[in-house]
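Undergrad: Respectively, the protein sequence lines represent chains A and B. All residue numbers for the first sequence refer to numbering that gives the first Met the number 0, where the first residue is 0 and numbers rise by one. All residue numbers for the second sequence refer to numbering that gives the first Met the number 0, where the first residue is 0 and numbers rise by one.
Hints were generated in silico from the structure; no laboratory data involved. Note that the coordinates shown come from a computational prediction; the quantities given were computed from them, not determined experimentally. Some hints could be false.
Unchecked claim - For lysine to aspartate or glutamate, the following EDC-like pairs were computed, each having C-alpha atoms within a straight-line distance of at most 20 Å:
#1 B/K211 <-> A/D36
#2 B/K252 <-> B/D228
#3 B/K35 <-> A/E166
#4 A/K35 <-> B/D167
#5 A/K35 <-> B/E166
#6 A/K211 <-> B/D36
#7 B/K252 <-> B/E265
#8 A/K252 <-> A/D270
#9 A/K252 <-> A/E166
#10 B/K35 <-> A/D167
There are 2 protein chains.
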Amino acid sequence: MSILDVEAFPIEVQEARLQINRQLDQYTRFDTDNVKDSCPEQLQEAIRYSLLSDGKRLRPLLVLAAAHVCGGDMQDAMGAACAVEMIHTYSLIHDDLPAMDDDDLRRGQPTCHVQFDEATAILAGDALLTMAFEVMARDTPQPVAAHCCQLLATAAGPTRLVGGQVEDLAAQFTEPNLTHLQRIHSRKTGALLTVALELGGVISGGTAQMLKSLQQYGNDIGLAFQIVDDLLDLRGEEVKIGKRTGKDSEHGKLTYPLVMGSQDSEQLARDKVDSAISALQVFGPAADPLVLFANFVVNRTR
Amino acid sequence: MSILDVEAFPIEVQEARLQINRQLDQYTRFDTDNVKDSCPEQLQEAIRYSLLSDGKRLRPLLVLAAAHVCGGDMQDAMGAACAVEMIHTYSLIHDDLPAMDDDDLRRGQPTCHVQFDEATAILAGDALLTMAFEVMARDTPQPVAAHCCQLLATAAGPTRLVGGQVEDLAAQFTEPNLTHLQRIHSRKTGALLTVALELGGVISGGTAQMLKSLQQYGNDIGLAFQIVDDLLDLRGEEVKIGKRTGKDSEHGKLTYPLVMGSQDSEQLARDKVDSAISALQVFGPAADPLVLFANFVVNRTR
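Just chain A, same shape as in the assembly (with noise of 0.2 Å):
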């Protein structure tokens, strides 16, 4: 197990880590006494497999992070740390499906719509998806409750993430292109990366230099993210991933090794991660937690 591995952040990381899992699980128990208010059972029970299998919670804890730095309190971010996550377990169901990255593994287990079945994959993630924004919109103060639904629609939408996964789709078996690979990525793996910190900050009330540098820190961590899902895939640690590895050139995907080398990318990555590590100066020590994450996103082994 590396250093850098989830299971070694320090303790107030892991405590945050397991307040997402509590909360995440309260949000998806629809405890009614009423029949017709109830979640159709095996709908639950999809929801529930994907949403609290063993994800890093990487995006909810950039939100409670950024709360943080920028003097908020977490607990006021909690709700939008878990609409994010709704949003990233609804996307991997979607981007899994046969008609799509036709994947079988996922976090370690069956994807789900092989542990079910299409139709119900389909319509968890379209749960997920729509659980999102009644979250997001009932459990964010108020002030900014609506400001925050619109980011993170903008950042889920047809120009960012959907749109980040039909490009990537379309991109399969084209001539590599570093233009044309990055910009996939800011949209597919950056976007929602990038609207968890700023939700975070918007929510604690930060200063529109602070929203800047949070913003810079996760283009830089959003791209040094993906080269390392790209050298992952490669390097085939299937077990420790928990996704089939190798799919990436089986599928004639275009990839940073692909486009520039292993070497090469590393290189990128590590030059982003320090380039995301400057723009938290701003912050000082309370920036210690994102700086952590930054380390974690190139060195982590899943």
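On the provided structure of chain A, position chain B as indicated by the hints.
TA: Relative to chain A, chain B alone:
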């Protein structure tokens, strides 16, 4: 053409419908000089193909009519009206997928996955679902924007719209049972019709009594709407309806004619419309468009 076909709506309703269509067109242009912020072409085409097709626009018209009877400015409710239509369109795209109802005709044209492909249809649905919340959060008067996002998310979520689709799929070839059937349809059709009215009322600052009347009206026309849908499917005038007919019985679907016979179904629909119209008394003549919609629902030919 029946006197209650869409084309025979009074001039002010026709005008509102045109305004809705214009606004939906605007929302899906994604005009930008920056390729980074653009929407991938094929995704935009699929979104516009499905959203701008020849829909009745009943749900957004209900939002505007409810805003009107509660004394507000209809323009304030235009964002919410379009958001509801986006949710409706996304749910049609996903319901039509091969893994779900497997339909090839919708609104008189090939379904989204037939016209494009399955991946594009899934992602176009995801995009529309996400955009609904962007539009609602940004273009609804800010004091009620977050509350409106929450209402829409609850209505579209796993205990309502998505839950209804899960139950509808699961109910194929089960014993005909009226309680079960009513629960499915109060979720699958009723939830979105009812929240359309509620949103209009909330945006216009409607009183608790007004909102209650709108809810009663919504529940009643929701049920009537579904019964008539079932009857139209049975009668099978594909060209008029714009989707395949006879599919319900073919797929062993639980329908009103199956559970209680065509004649009793028709009577129930008429009773519900009468009840819906009674619920509007509190509003006086301002409710005329809602009376018209109620009659349209039961007399429509598509």
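Undergrad: It remains to establish, for every hint, whether it holds in the given structure.
TA: For each hint, the structure was consulted:
Distance check on the hinted pair: B/K211 and A/D36 sit about 18 Å apart at the alpha-carbon level, within 20 Å; holds. The hinted pair formed by B/K252 and B/D228 meets the criterion: a straight-line CA distance of about 13 Å does not exceed 20 Å. With a C-alpha separation of about 12 Å, the suggested pairing of B/K35 with A/E166 holds against the 20 Å cut-off. About 14 Å separates the Cα atoms of A/K35 and B/D167, which keeps this hinted pair within 20 Å; it holds.
The straight-line distance between the Cα atoms of A/K35 and B/E166 is roughly 12 Å, inside the 20 Å bound, and the hint therefore holds. For the given pair, A/K211 sits about 18 Å from B/D36 by alpha-carbon distance, which is consistent with the 20 Å threshold. For a cut-off of 20 Å, the pair hint linking B/K252 to B/E265 stands: about 18 Å separates their Cα positions. A hinted pair counts as satisfied when its Cα atoms are at most 20 Å apart, and A/K252 with A/D270 does not qualify at roughly 24 Å.
The straight-line distance between the Cα atoms of A/K252 and A/E166 is roughly 11 Å, inside the 20 Å bound, and the hint therefore holds. Simply put, B/K35 and A/D167 have alpha-carbon atoms about 14 Å apart, close enough for the 20 Å limit, and the pair holds.
When the structure is compared with the earlier hints, a violation turns up for hint 8 alone.
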